[in-house]
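Undergrad: These protein sequence lines are chains A and B, in that order.
Residue 1 is where the first sequence starts when you use the numbering used here, and the numbers rise one by one after that.
Residue 1 is where the second sequence starts when you use the numbering used here, and the numbers rise one by one after that.
These are computed hints drawn from the structure, not numbers from a lab.
As the structure is a prediction and not an experimental result, all values here were calculated from the model.
There may be inaccurate statements among the hints.
Claimed, not checked - Calculated lysine-lysine pairs in the DSSO-like style (CA-CA distance at most 30 Å, straight line): (1) B:Lys157 with A:Lys92; (2) B:Lys159 with B:Lys186; (3) B:Lys87 with B:Lys58; (4) B:Lys117 with B:Lys157; (5) B:Lys58 with B:Lys17; (6) A:Lys92 with B:Lys87.
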Amino acid sequence: MDLQIALLLGQDGIVNGAIYALLALALVLVFAVTRVIFIPQGEFVAYGALTLAAFQAGKTPGTLWLLLGAGALVALIDTVMALRAGSMGRLKRIALWDLALPAAIAGLVLWLEPGRLPLWAQVTLALAIVIPLGPLIYRLAYQPLAEASVLVLLIVSVAVHLTLVGLGLLFFGAEGSRTTPFSEAQFNLGMLTVNGQTLWVLGASVVLIVGLYLFFGRTLYGKALRATAINRVGARLMGISTTMAGKLSFTLAAGIGALSGILIAPITTVYYDTGFLVGLKGFVAAIIAGLVSYPLAAAGAILVGLLEAFSSFWASAFKEVIVFTLIIPVLVWRSLTSHHVEEEE
Amino acid sequence: MTTPILQVNELCVSYGKVEALHHINLKVEAGKIVTVIGPNGAGKTTLLSAIMGLLPSKGEIAFQGEVQRDIEVEHLVAMGMTLVPEKRELFGEMSVEDNLLLGAFMRYRAGDRDQGKTMDQVFGTFPRLRERRAQLAGTLSGGERQMLAVGRALMAKPKLLMLDEPSLGLAPLIVREIFHIIAELKQTGVAILLVEQNARAALQIADYGYVLETGSIALEGESRALADDPRVVETYLGLGGKKQ
Chain A
1 MDLQIALLLG
11 QDGIVNGAIY
21 ALLALALVLV
31 FAVTRVIFIP
41 QGEFVAYGAL
51 TLAAFQAGKT
61 PGTLWLLLGA
71 GALVALIDTV
81 MALRAGSMGR
91 LKRIALWDLA
101 LPAAIAGLVL
111 WLEPGRLPLW
121 AQVTLALAIV
131 IPLGPLIYRL
141 AYQPLAEASV
151 LVLLIVSVAV
161 HLTLVGLGLL
171 FFGAEGSRTT
181 PFSEAQFNLG
191 MLTVNGQTLW
201 VLGASVVLIV
211 GLYLFFGRTL
221 YGKALRATAI
231 NRVGARLMGI
241 STTMAGKLSF
251 TLAAGIGALS
261 GILIAPITTV
271 YYDTGFLVGL
281 KGFVAAIIAG
291 LVSYPLAAAG
301 AILVGLLEAF
311 SSFWASAFKE
321 VIVFTLIIPV
331 LVWRSLTSHH
341 VEEEE
Chain B
1 MTTPILQVNE
11 LCVSYGKVEA
21 LHHINLKVEA
31 GKIVTVIGPN
41 GAGKTTLLSA
51 IMGLLPSKGE
61 IAFQGEVQRD
71 IEVEHLVAMG
81 MTLVPEKREL
91 FGEMSVEDNL
101 LLGAFMRYRA
111 GDRDQGKTMD
121 QVFGTFPRLR
131 ERRAQLAGTL
141 SGGERQMLAV
151 GRALMAKPKL
161 LMLDEPSLGL
171 APLIVREIFH
181 IIAELKQTGV
191 AILLVEQNAR
201 AALQIADYGY
211 VLETGSIALE
221 GESRALADDP
231 RVVETYLGLG
241 GKKQ
């Protein structure tokens, strides 16, 4: 291995690491606020990438129908519950968020024929389809179980993951897709060639991480999410409902996932089930951070990315094995250094 | 007669099969301090939790004359009810200032943007919080934590402030200070429902009092009358209860 290869691998590792960092942050966020280990995080990566790819192939993505279906289902459940509780005030909000919004997005997509639009408009539409799936899935799968134990929520996550992977196969087929890069530019830095997409991935990750930092540190809604993570009862007494916090964190997680998928789609071929593996690597990074620390999760993600890149050079057959084996010493170290707190039954 | 801020009729709360509160009737008039005293385990905290919607209950709770069917915490907070719980439930890893800001979360959602002014008023009531505004809530002393919990509740500009054992675990001097502040809060027009084990201090500042024993109201009356009632003196005030 000479310096040039090392630089190339390093670049690869950091780019992938940036994506894992985004996913790890989303996982930490969702876990802190809702105690859900969000295995389906990866499906949002695949859905984001493949929805964009479907636009570029001139097809209508199946995720659009999922959005309409999930919206209608949530509207039905919530309407029944609102009628039972006798509170008519909720009906307007249900009609707006669960029926009108998905319908508006669907109308826009069918009317605009995204295949002919510029890339930024395609990306916007893909995000508009995938992001609302986050809060809808929270409403359908997790909200009724908000008080359940972490284990129950984890099992629900597995179910949601399997469902979404199955739907992904149905919507997009078994073939993988790539999308057109955001930029064809290439830069030569000494021995190293950096292409435009790499810079896009790094730039977008940094912008997103800084954005999240400002959101949590400066805005009241960001602080409300942190408050829910710190003290659920205290937050409820301030009027910050667990449901609102859950939906907001799932919206953020869906957005981060979909955007990650859109960013990597020009670099790697994305299949309907690619998201799981990508999401799991984000999960390794989140575990390194003990599912609590955001900066540690980001650092862990870069480590995972670099490890993956260099092991694909030395022992490419064992690339995944090496990355996932990392979790064992991390868990041993974590269990030796941290105090174990029994979950209340 | 004006409509009371809070009217509780025939409230029952059960934990599983065990009924913890039996047919409680209670009311809080506008601008008054009402106290519920009673021994440990009488159900005082349960009562406040049920009124606040943290626990399921049977019976009727009317807030500002409106019977609440949809007893959800968030909804009640939006209507102007706040609870300072026994455990304070502060956001320990956040600054004092952020804790206070979150107290006004519901008002922010409703479109109010005068949080800065309300915070100045809270700092006027609790100057010590101003000094500690950048400090993490988890690093405050016991008395300061209680002040922050009350200050955070006041940020919501409540119509009814419910306090659960504000004297719990505090040094006598601080208890006096806290009670002094509660008595002052009355001047701002907020109605207060104060639950206390420290019966003497509570009856001193309250207008009306209830004695809760094993889940039922055993006695009620004007707080002066209660403070002179031989049963209260004997059980809750002890010797010398009348001297102060």
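Undergrad: Which constraints among the numbered hints does this structure fail? Numbers only, ascending.
TA: 6
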